Amino acid sequence: MARPQLRPDANGYFGPYGGRYVPETLMAPLDELAKAYDRWSRKRSFRNELRDLLTHYAGRPTPLYHAKRLTEHFGGAQIYLKREDLLHTGAHKLNNAIGQALLAKMMGKRRVIAETGAGQHGVASATAAALLGLECVVYMGVEDTVRQRLNVDRMELLGATVAPVDSGSRTLKDAINEALRDWVTNVRDTHYILGSVLGPDPYPRMVRDFHRVIGDEARRQLKKQAGTVSPDVAIACVGGGSNAIGLFTAFIDDRRVKLVGVEAGGSGEALGEHAARFGKGGSLGVLHGTRTLVLQDEEGQIAGTHSVSAGLDYPAIGPEHALLADEGRIEYTRASDTEAIAAFDLLARIEGILPALESAHALAYAGKVAPLLSKRRLILVNLSGRGDKDVESVQNWRAKEREQADAEDSTAVAEVTVHPAARKWGKSQEEAG
Amino acid sequence: MSAISEVFERCRREKRAAFIPFLTAGDPDLETTAALMQAMADGGADLIELGVPFSDPIADGPVIQRASTRALAGGTTLSGILRLVARHRDRLGVPILLFSYFNPIHNRGLESFAEQAAASGVDGLLCVDLPPDESAHQEYIPVMRRYGLDTVFLLAPTSTKDRIRRVAEYSTGFVYYVSRTGITGDQGALPDELVKEVRRLRRKLTQPLAVGFGINTPEQAASIARAADGVVVGSALVKLIEEKTGDDDLLSAVKQRVKELAEGLRR
Chain L
1 MARPQLRPDA NGYFGPYGGR YVPETLMAPL DELAKAYDRW SRKRSFRNEL
51 RDLLTHYAGR PTPLYHAKRL TEHFGGAQIY LKREDLLHTG AHKLNNAIGQ
101 ALLAKMMGKR RVIAETGAGQ HGVASATAAA LLGLECVVYM GVEDTVRQRL
151 NVDRMELLGA TVAPVDSGSR TLKDAINEAL RDWVTNVRDT HYILGSVLGP
201 DPYPRMVRDF HRVIGDEARR QLKKQAGTVS PDVAIACVGG GSNAIGLFTA
251 FIDDRRVKLV GVEAGGSGEA LGEHAARFGK GGSLGVLHGT RTLVLQDEEG
301 QIAGTHSVSA GLDYPAIGPE HALLADEGRI EYTRASDTEA IAAFDLLARI
351 EGILPALESA HALAYAGKVA PLLSKRRLIL VNLSGRGDKD VESVQNWRAK
401 EREQADAEDS TAVAEVTVHP AARKWGKSQE EAG
Chain P
1001 MSAISEVFER CRREKRAAFI PFLTAGDPDL ETTAALMQAM ADGGADLIEL
1051 GVPFSDPIAD GPVIQRASTR ALAGGTTLSG ILRLVARHRD RLGVPILLFS
1101 YFNPIHNRGL ESFAEQAAAS GVDGLLCVDL PPDESAHQEY IPVMRRYGLD
1151 TVFLLAPTST KDRIRRVAEY STGFVYYVSR TGITGDQGAL PDELVKEVRR
1201 LRRKLTQPLA VGFGINTPEQ AASIARAADG VVVGSALVKL IEEKTGDDDL
1251 LSAVKQRVKE LAEGLRR
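Going line by line, the protein sequences match chains L and P. Going by my numbering, the first residue of the first sequence is number 1, and it counts up by one from there. Going by my numbering, the first residue of the second sequence is number 1001, and it counts up by one from there.
This is chain P alone, in the form it adopts within the complex (with noise of 0.2 Å):
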C-alpha cells in the first residue's frame, strides 16, 4: 500500500477526513518552503500538495498565479523542488504529492522525472492539465507504476459517466473532485449541491475522494469533511504566506492555521 493511500487508511480508522494543505514551491524560496511543510505537518497536515510553478497556470486564481511568479522570478526549478524533496521527506513524515502543469513534466521527460522524483521521496503526482485521456497517448501510467507514484486525477462538477469511470481507472491514492466550475481561490460560498455530489461520487469510487477548490474556511472544511475522505486548502493558506513573507510569525501563523482547519475535520 502506498504512503498516500495509507494516509487515508488511518484517516477512515480515525473517522475524520485527510487534511490536505497544499503550497507553491519556491514562494518566496525554496529554504522556507520547506519550514512551510514543516508547520503545516505539525499543525496536523495529512498530506501535502506542493505546487510546481508554471509560467502558465491557466487552471489558478489570482493568488496562486502571483505565488507561481514569485517562484519562478526566484530562480525555482523542478529539479530544485525535488532536491528538497529528497532532503525533507522523511523528516517530515507525510506524504507529498506534486501538483504540476504537464510542460515542465513533459520537457524533462517522464522517465527521467519519475526516477529523479520517487528517489526523492514523492509519493505521486496530479497533473492539472493531463486528463487520463491523454496520459494514455503518453505511457503516463506505466512510468509512474514502474516507479511506485500515485498518479492522482481530477473529477469536475462536468465529468460525465464515462469520464467518471475512467478516472476511477486511473487514479491511484485518491481521485481529487474539483468543487465548482472555476479556477482556484475563493469566489464566496460553495455549491449547495456539493455535498451530496460528493456522496453519490463516493458511492462509485473504490479511491477516496478528497475534494478542493474555493475552500477557505473551518467551517467549509467541515461540512466537506461529512461526505469526503479528504480536504484540499491552496489558495487560503498561500494568501497567508503572501501577507506573512517577511514577517517573524510566518511558520507559526500557518500552523495555526492549518490547525484550525484540521480540526473540524472529525466527522
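Isolated chain L (complex conformation) (with noise of 0.2 Å):
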C-alpha cells in the first residue's frame, strides 16, 4: 500500500494518533498557529532567512564523521555519526527552536516559553530568544535542574528565566503541564516553543520538518563521503522523538534503509523504571494534546519513568513514530542505563567524544547491531547532543556503583555471622522482588 502523501492529515492525525487535545482556550490559537506556520513556511523570505542563521549563526551543515576506531572497536560495519553535538549549542534541538522563534516573530509575539528535560531545549529557545530579543521563560522539573545544572547556568545567563516545577515527577512532562498552564494563560502575546515531536497539531509536523534537516544533510554527506545515500541501518535515540524524525524522514521512502528508534530501558522492566513505551510498555492513550502511545496505569493516571537521561525520561511518544510502528518502518527497542553509560565510556575514550547521554543509547544499540554486519555495510548513528552536561550525572553513576560494590563487598563479610533465621527472611525477600 502507498504512504499517503499527506502526514498529518487535515485534522492533525497521523492514522489513530495525534489530534489536538487541549482546553478550548487553546484552540483558537493552535489554528492561528498552523495557519502562521503553514503561511511562512511556504515563503521564499522565511525559509532564506531560517537557512541562513542555521548555516552561518547555529553552523550547518553538521559534519558526518566516519568513527573508524568505534567501526574498528566493533569489528563490524562501517559506523558514521551525524555530528549533531556539534551545532551551536550543543544539540540538534536549535533546529526547532530558532524555526519556531522566527515564526513566532513574524506572528507579532514578544514572549516565548518552553519546556525542558536535559536542558538542551530550553538553552536553543534561550539562545534563539536572545538571537531574535524574544523574552524567554523555560519551565524545567526540579529533579532535572539538579542533574542539568549547567544548562540551567547557560540558560541564565542567555537571559531567560529558568521556572523550576516542584509537582508530579518534578521531571520533563511536568515541565510540560506547566508550559501549557503558562501559555493557556498568556496565549495572547506568548508562543510556546515545543521541544519535540509532541503535543497538538500542528507541534508534531512543524517540528518534524523544521529537524528533517538533518537527514536530509545526511543523504548528501552519504554520498559523497561513503559512495550511497543508504545507510543500512539508520539509528537514533527516542524521547519525545524529535531527533530520531529529523533524522529519519529522509530515509522513510528508501525501504532499503533500516530504521531503529532507540528508548530508555532505564534500571528495569517495571512500570516507573524505564522510559519504553513500545513493546510492553506503553497503551494508547492522550497526554499534552496528543493521542499516542502513553505509560499509564489501568485507571489511566500518566505512570513515573525512569532514564539516567533526562531528556529521555518521558512516558508519551510522538503520534507519527506510533504510526511508522504500527506500519512496522520504524523498529523500536531500547538500551538501559547501564548500557547508556558503558557507550558514554567507549565513545569518550576511542574517539574523543563525549556523547549526551540520550545519544548514547543509540550509540549502545550500534554497539550490538554493528558487529553482527559485515565490514561492507553501513550504520549512521545520530549524534544529537554533546555530553558536557552529563558530567556530572556520569560521576554520580560511578559513586554509586562503587558504593554498591563496597557494599555487597561488606554484605559478603556480615553473611558469615548472620543469624539462620535472617538469611532465611532476606532470601524470602529477593525471591518477592
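Careful, some of the hints might be misleading.
[Unchecked claim] Only pairs whose alpha carbons sit at most 30 Å apart, straight line, appear in this in silico DSSO-like list of lysine-lysine:
#: 1; chain 1: L; residue 1: K258; chain 2: L; residue 2: K368
#: 2; chain 1: L; residue 1: K105; chain 2: P; residue 2: K1161
#: 3; chain 1: P; residue 1: K1161; chain 2: L; residue 2: K43
#: 4; chain 1: L; residue 1: K258; chain 2: L; residue 2: K68
#: 5; chain 1: L; residue 1: K68; chain 2: L; residue 2: K368
#: 6; chain 1: P; residue 1: K1161; chain 2: L; residue 2: K35
#: 7; chain 1: L; residue 1: K375; chain 2: L; residue 2: K68
#: 8; chain 1: P; residue 1: K1204; chain 2: L; residue 2: K35
#: 9; chain 1: P; residue 1: K1204; chain 2: P; residue 2: K1161
#: 10; chain 1: P; residue 1: K1259; chain 2: P; residue 2: K1239
#: 11; chain 1: L; residue 1: K280; chain 2: L; residue 2: K258
#: 12; chain 1: L; residue 1: K224; chain 2: L; residue 2: K375
No wet-lab data here; the hints were simulated from the structure. All values reported here derive from a predicted model rather than from experimental measurement.
Put the two chains together into one complex, using the hints given.
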C-alpha cells in the first residue's frame, strides 16, 4: 500500500494518533499557529532567513563523521556519526528552536516559553530568544535542574528565566504541564516553543519539518563520503522523538534503510523503572494534547518514568512514531541506563567525543548490531547532542556503583555472622523482589 | 428533559442563576466527598461538578493540582468515584456533572464508561481537554447520547465565531464559559469586559451559559449572575476543604460558604 502523501491529515492525525486534545482556550490559537506556519514556511523570505541563520549562526551543515576507531572496535559495519552535537548550543534542538522563534516573531509575539528535560531544548530556546530579541521563560522539573545544572546556568546567562517545576514527578512531563498552563494564561502575546514531535497539531509536523534537515544532509554527505545515499541501518534515540524523526524522515521512503529508534530502558522492566513506550510498556492514551502510546496505569493515570538521561525520561511518544511503528517502518528497541553509560565511556575513550547520555542510547544499540554485520555494511547514528551537561550525572553514577560494590563486599563478610532466621527472611525478600 | 436542563429551567423561573460548586473526588477521601456533596446540596447547590483527579491536570492551578495529588495518593479511582455517585446520587437530590481530563475516560473505553456512569446516576460529563472537534473523532457524542448523559463543552475568551457555533452544536445541559484565558484558581480581579462578553455569548446560544474559573467571592458570583445562567466556584471551595480537612467544622464551614455564594445569585 502506498503511503499517503499528506501526513498528518487535515485534522492533525497520523492514522489513529495525534489530534488536538487541549482546553478550548488553546484551540483558536493552535489554528492560528497552524495557519501562520503553513503560510510562512512556504514563503521564500522566511525559508531564506532560516537557512541563513542555520548556516552562519548555528553551523549547519553539521559534519558526518566516519568513526573508524569505533568501527574497528566492534569489527563489523562501518559506523558514521551525524554530528548534531557540533551544532551551536550542543544539540539538534536548535534547528527547531530557531525555526519556531522566527515564526513567533513573524506572528508578532513578544514572549516565548519552553519546557526542557535535559536542558538542551531550554538552552536552544533561550539562545534563539536572545538572538531574536524575545523574552524567554523555560520550565524545568526540579529533579532535572539538579542533574542538568550546567544547562540551568547557561539558560540564565543567555537572559532566560528558568522556572523550576516542583509538581508531579518533577521531570520533563511536569515541565510540559507547567508550560501549557503558562500558555493557556498568556496565549495572546506568547508562543510556546514545544521541543519535540509531541503535543497538539501542528507541533508534531512543524517540529519534524524543522529537524528533517538532519537526515537530508546526512543523505547528501553519505553520497559524497561513502558513495551511497542509503545506510543499511539508521539509529537514533527516542524520547519524544524529535532527533529520530529529524534523521529518519529523509529515509522513510527508502526501503533499503532499516530505521531503529532506541528508547530508555532505564533500570528495569516494571512500570516506573523505564521510559520505553513500545512493546509491553505503553498503551493508547491522551497526554499533552495528543493521542498516542503512553505509559499509564490501569486507571489511566500517567505513570512515572525513569532514565539516567533526562531527555528520554518522558511517558509518551510522538504520534508519528506510533504510526510508523504500526506500519513496521521503524523498529523500536531499548537500551538500559547501564548500556548507555558504557557507550558514553566507549565513545569518549576511543573517539574523543563525549556524547549526550540520550545519544549514548543510540550508540549502545549500534554496538549491538555492528558486530553482526559485515564490514561492507553501513550504520548511521544520530549523535544528537554532546555530553558536557552529563558529566556530573556520570560521576554520580560511578560513585553509586562504587558504593554498591563496597556494600556487596561488606554483606559478603556479614553473611558469616548473620542469624540463620534472618538469612531465610532475606532470601524470601529477594524472591519477592 | 435532562436533570441538568431541569435545574436551569427551574432557576430561570425563580429568576436566579444556578449555583454550581466544584470539588475534587477523593480529597481527602471518598466518604468525606459524599458528606461534602451533601453539605453543598444543603447549602443551596443546584448542580455539583465532581472532579475526577488526574496525574497531569494542565488546566488547573495549584489548589486543584494539590487536591488531585491528595486524592490520587489516597487511591481514588474512576470506578470508586462512580460507585460513590451510585450510593449517594438519589439522596443528594441534585444532578452531578463529572469534570474530568480525557485520559481516564479514554482508558476505560467510552462505551464502558458511559454505561457505568449512567447506571451510577451521573448526569453529564465535561472533559476539559476534549474539544468538540476531537469528540467527533471519538464517537463521543453518539455514545454519551445513547446513555442519556449530557455533554458540556467549554467556551473561552479566545473562541472564534466558528468555534462558538461548534460548541453550541455539541453541548447539551449547558455551555461552560471560561471567564479568562488561564487556569483554575484565584488570579485577582475578573476581566472588566466579562459581563458584556457573557451577555453577547448568551444571545448566540440556545443552551444556558454558566461561567467559571477564578470566581471566589459572593460579590463576584453575584455580579456574574446578573448576566449568566449559572456560576461555578471551584478552587475557592477546594481551598476551604484543604484548610478545614481534619477539623470538626469542615462540613458546616463548606455548607456556610456555599450558602453565602448561592444567596447572591438572585437577579
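Hint check against the structure, violated hint numbers in rising order
none
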